[in-house]
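Could you build all of it, start to finish, from the sequences and the hints given here?
2 protein chains.
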Amino acid sequence: MKTAILSVGTEILMGQIVNTNAVYLSQELNALGFDVMYHHTVGDNTARLKETMDLLFHDCDLIITTGGLGPTQDDLTKETVCSYMEDELIFDEVQMKELEEAFKRYRSPMTENNIKQAYLPSRAVKFSNPHGTAPGFALENKGKYIICLPGPPREMKEMFNLHARPYLEEKADAKIVYKLIRTMGIGESQLETQLLDLIDGQTDPTLATYAKEGESYVRVASKRETKEEATAAVEDMIKKVRDRIGEFIYSEDNEDLWTVTGRLLLEKGLTLSAAESCTGGLFAKTMTDIPGISEVFDRSLVTYSNKAKMEELGVKAETLEKYGAVSEETAREMAEGLERVSGSDICISVTGVAGPGGGTDEKPVGLSYIGLRYKGETKCKEVRTRDVGRAFNRNRTMLNMINMIYREIK
Amino acid sequence: MKTAILSVGTEILMGQIVNTNAVYLSQELNALGFDVMYHHTVGDNTARLKETMDLLFHDCDLIITTGGLGPTQDDLTKETVCSYMEDELIFDEVQMKELEEAFKRYRSPMTENNIKQAYLPSRAVKFSNPHGTAPGFALENKGKYIICLPGPPREMKEMFNLHARPYLEEKADAKIVYKLIRTMGIGESQLETQLLDLIDGQTDPTLATYAKEGESYVRVASKRETKEEATAAVEDMIKKVRDRIGEFIYSEDNEDLWTVTGRLLLEKGLTLSAAESCTGGLFAKTMTDIPGISEVFDRSLVTYSNKAKMEELGVKAETLEKYGAVSEETAREMAEGLERVSGSDICISVTGVAGPGGGTDEKPVGLSYIGLRYKGETKCKEVRTRDVGRAFNRNRTMLNMINMIYREIK
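Read top to bottom, the protein sequences are chains A and B.
Residues 874 to 1283 (the numbering used here) make up the first sequence, in order.
Residues 874 to 1283 (the numbering used here) make up the second sequence, in order.
It should be emphasised that the hints constitute simulated quantities derived from the structure, not laboratory data.
Keep in mind that a hint or two might mislead.
To be verified - Cβ-Cβ distance ranges computed for the label pairs, FRET-style:
id, chain 1, residue 1, chain 2, residue 2, range
1, A, K1283, B, A1084, 43 to 51 Å
2, B, T919, A, K923, 26 to 34 Å
3, B, A1047, A, E1128, 49 to 57 Å
4, B, A1264, A, I1282, 24 to 32 Å
Stated by the list, open to error - Some, not all, of what chain A presents toward chain B, calculated at C-beta under 10 Å:
id, residue
5, A895
6, E901
7, Y1040
What the hints assert, rightly or not - Chain A regions said to be covered by chain B (calculated; three or more residues, Cβ under 8 Å):
id, region
8, 878 to 889
9, 909 to 918
10, 1044 to 1050
11, 1150 to 1157
12, 1181 to 1193
Keep in mind it's a predicted model, so treat the numbers as computed, not measured.
All C-beta atoms, glycine included, are put in the ideal place defined by N, C-alpha and C.
Structure representation (C-alpha cells):
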C-alpha cells in the first residue's frame, strides 16, 4: 500500500524540533511492507492540511499523521481529518472515563478544553494512549485510510506498537518479516562481496547491506502469504549468511553492540572498569546507558591529563616521555594500572588523538591505542579512523573498545 | 518570501537517516525572515520530484532542495530542476578544474561519472562546495526561485553559509537580525511573566520565549530596512531583557552552557576535575567535547560502584551506610576526596538515581546531589528532575553540574 507520513506542527517548520517520528514510522512501515512515498510537514492550519491530504491521496492510499491531537485551539488534526473523511465527531463515554482517570493519576485538574479529547469520529477505530491524554484513531473512507497518532515520540511509538501495527498488519497485502543483522569489523563493500551471489540471485528473501556509523548491516526480508512462511524463509537465509560472515555478526536482532556486550557481562558476572583518555568518558557514558549495568560496571577513570594518568593509574613518566601519551605502551600501562586499583575482571584502556588539533604526521588525528587486561594477559590494538571530526573519531574509538571486549568474552 | 524545503532521497523515506537538514534550514530561513510553509521529502524519482515542485510553487516562491547532487545515476535533482526551470546544463570549465583538484586532494581517481558534476544550468548562480565534489546553485525562472544544496549535512551547512545565505539576504524584502538569549535556572512560564509587557507591547523587535531540554530561551528579532537599524533595535531590547533577568542569562549568542563554561575555565586558567556516579561519564564526555579543553580538564573519576567511591575518593563506608550513596554527605565526601587526589582548582561531584529502577519514596528516580569544592569550600545542591527517563535525568543532572560551576566562576 502506498503510504505518506504527514507531520503536523508549526514547531517543526520553525526548526524547533527534529522530526524523529517520520524516521521511526518510515522504518516500521517499510518493514511491514508499506511503500513510504512521501514525508510531508505542514503547520497548524486547516486549509493547508486539507490541501496536503488532497495531494497525498492523489498517489497514496494511506496517510499517517502525527501531531495536532492535543487539547488546545491550534490542535486541529482530528477535526480536519474527520471532516475530510466525511465523518462527524461524537462524544465517547469510555474515552471520557479514561481521561478522568489519567488526570487523577497525574494529580492535575482536568480543564474545560481537555473534554475535547473525549470526542472521536463516529466510524473511527480508537487507539488508546497509555502515556498521554490524546487518543489516536484509524478512519476509512472510500478505500482511503488515515491513521492519526499523537506528536510526542514516546506516546506515538507506544500507540503505534499497541494499536496501529496490528491494524496495519491486517491491511497489508502480504506478511513481511525482516531481520537486521549487525556486524562489526567488516566493511560494507567486503560484506557485499561475500554475499554477492545471495544478494543477486534472490527475489525472496531479499538481502541488502548498508553501512551506518562504523557498522555494516545486513537486512534480510521476506514477503509471503503467511507470517510463518516468511519467518521460515528469513531464518533459512540467515543460516546461509551466518555460514559466510558469522564471525563478524554480533546481533541478529538489531541490538546495539553495547547492549549485547552488557548482557554478556551480566550473564557471566564479569566486572568491568575503564581508563579513558581521548574518549573522555564516552565509553563509561555508553555502558552506563544500560539500565542495571551497575551490577558489573565498577568505574571509569577518565585520565585526561598526563598527571592524572600517572597519579590514578601509575603510568610511568618515562613511558609518557619516551613513547608519548598516545602509544601502545601507555595504553598497556593504563590497563595494567587500572587492574591494580580496581581489581575488575576486565580492564580496558584507551589513549588517542581525537582532534581537531594535536595530530602529527606520525600520530595523526584519529589514531588511538586500546589496551585490554583480562585473565592476567594484556592485549593492545591500534585503531585508525578516517578523520571526519572529533565526535566521529571518539565514537568510532569507543565502538572499537566495546568490540574488543565483546570478542574477548563471547 | 514563502518557502518550502524539499529533501530528495529514498534513504530518508526508508528511515535510514534523520533529516537534520530540514531542521537546520528551517532555523536559518526563519531567522532570515523567510516563511517556511512546508517540509517535503521525495525519493529519487524524476516524475514525483516535478509533481512536488508544482505543488510547492502553488503556494511558495522559493524552494530549497537538499540531496541528489552526487555523481551516480540516481542523483537527479540538478537535471530535474534544470529542465523544470526551463534551462539547460552546460559544461563549466572552472568547476571541472575544481573537481580535478578535489580528487587530487583526496588522492582518489576521478571516474567517468564524476564529470557529470562539472555541468551546471546555464543561468545558474554557482555555489562551490569546499567539503565535497557536488556544486550547488541558485536558479530563477519567472519570479520563482530554486536553490539546490548537497545532502551531506556538513557540505550543506558550509555551502548555505558561504553562498546561499548572502544570496538570500539580497532577496529578502527586509533585513532580519535576531539573537537567541539562553538562560538557566528560570522556567519558561516565569520568564514569560517577567517579560510579559515587553512581549505584548512590541511589534518590532519581537520577543518570544521557549523551552528546550531544561533551558529557557528568549528570542529577540527585528525586521528593518537596513541591517544596522535591526541590530540597534535588537541590542536595545536585549538591554531591557538583561535588566529584568540578567542573573539567569549565560549566553546572548546561542552558545551551549558547556562552551561558555569551558571558555571561562580556559580564560581564568582554572583546572577542573569531576567525580561522577549517576551521570556515568556524561559530564566528562560533554566537557571534553570542547576542543582544547585538555589544558584545564584534568580527570573525571566515574565511581559507579560504592567500592570505587571508597577506593578512588576515600568516601567512608559509614557515610555510605548511614546516609546512602545518594546523599548530600556522599556528594560532599566525593568532592573533597577528589580534591585530595587531583589537586584541581574546581572539583565537582554527583551522585543520584538515574532510573528507571532503583528509586524509593524517599529517594525517587531523578533525585541527585551535586558537590562543588572550590577555594577551600564545599557547596552541595539537591536536584530533582521530572522523571521522564534515564537519558533525560542524566542530561538534566549534568546541566545542573555545569551550571553550578558557571555560577561559581563567572
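Which numbered hints fail: 7, 10
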